[in-house]
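Visitor: In order, the protein sequence lines correspond to chains W and V.
Each residue of the first sequence is one higher than the one before, starting from 42 at the first, in this note's numbering.
Each residue of the second sequence is one higher than the one before, starting from 42 at the first, in this note's numbering.
It is worth saying that the hints were derived from the structure and are not from the lab.
Hints are supplied without guarantee of correctness; some may be wrong.
One copy or two, either will do: identical chains are not told apart, so a pair holds if it fits within one copy or between any two.
[To be verified] Computed cross-link-like contacts, SDA-like style, restricted to lysine to any residue with a CA-CA straight-line distance of at most 20 Å:
#1 Lys98 / Ser81
#2 Lys172 / Ile79
#3 Lys133 / Glu143
#4 Lys133 / Gly117
Just so you know, these numbers come straight off a predicted model, no measurement behind them.
There are 2 protein chains.
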Amino acid sequence: MSDLYFASSNAHKFEEVQRILSNLGVNITLFKTTLEEIQSDSLSKIAERKAIDAYTKVQKPVIVEDDGLFIDSLDGFPGPYSSYIYDTIGNKGIIRLLENIESRDAKFVAIIAYCSGDNDVQLFESSIPGKISSSIEKGGWGYDPIFIPAGESKTYANVPNKDRLSHRASSLKKFSDWFMHKH
Amino acid sequence: MSDLYFASSNAHKFEEVQRILSNLGVNITLFKTTLEEIQSDSLSKIAERKAIDAYTKVQKPVIVEDDGLFIDSLDGFPGPYSSYIYDTIGNKGIIRLLENIESRDAKFVAIIAYCSGDNDVQLFESSIPGKISSSIEKGGWGYDPIFIPAGESKTYANVPNKDRLSHRASSLKKFSDWFMHKH
């Protein structure tokens, strides 16, 4: 199996991606780095450019992951800026923005972008519908403690076996199907 | 006087910048375009890269403006993503996030970035301290109706002669002092 790198500055994310891909028979190595991201309303564009930036740094086949929580009644907020918004107003801020708001529909979107050469990028996207909880559950990381996937009663932070249904697992499955077939 | 362009997709902003610079003896022409922006916690970096992108498009001396509202108790939010966050949760969202929060200190920061050749950028920054109002005033645009500059009783939307004290006017003054001296 050829070398495959995962470029990220987020240790939580690497752990989760590694666990999922390893179960699918794909081994990855962390390339810890801060990647350049563009501002865009499109996660795909952000992920694509990030993958190209990652490849110029790693010079080996590499994947990056980009994801975002999109809340319907907030016009998609926090969307492509989920990470910055988590670091500033956090889950507390999201819950506050939705106080007394009935429509709590949201979706979590994940994109895996694979780059193995200059400007040659493959994208694998999945999204999972759900709802924002009324309070912050204990456990988990990121927005997990406030996102209840459709058909479940608990948030990502406490749902049994998150990988079975998560947006991240689903996009990684798409990627690994393609990647295993290719190699 | 040589040609000077202002690259932006925001007509409100152009109008304000043109009015201020014209009073300072500098004429600008609008180059209406959407510029590529990077994601960064640093407004300066965003403005610098935006100016370089603008120059590659305009191929003439060009300025761009980037600004952001930084709220202390929200860890600088909405900061460098002020524009996206305004378009999604808006002033209503900001007021909601600060409900029952005593500390309402904030600052408005503006950066003018001038580029007249490849990778040659000059930055002019100003910031104005103030407070977030308890409700949204009528009038103005953007975050103006919720930002009360220090020493004033009304928001930017209704303060008499905003240009006399605004962050944008102040950074433009710095730019024009330098630009007039240079030419």
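Visitor: Work down the list of hints and note, for each, if the structure agrees.
Guide: Now for the hints, and whether the structure bears them out:
In this assembly of identical chains, Lys98 and Ser81 lie within 20 Å of each other by CA distance solely across copies; the values are 19 Å between and 22 Å within a copy. Taking CA atoms no more than 20 Å apart as the test, Lys172 paired with Ile79 passes in neither setting, with 28 Å inside one copy and 30 Å between copies. Within a single copy, Lys133 and Glu143 get their C-alpha atoms as close as 17 Å, and across copies as close as 17 Å, so both meet the 20 Å cut-off. Taking CA atoms no more than 20 Å apart as the test, Lys133 paired with Gly117 passes in both settings, with 17 Å inside one copy and 15 Å between copies.
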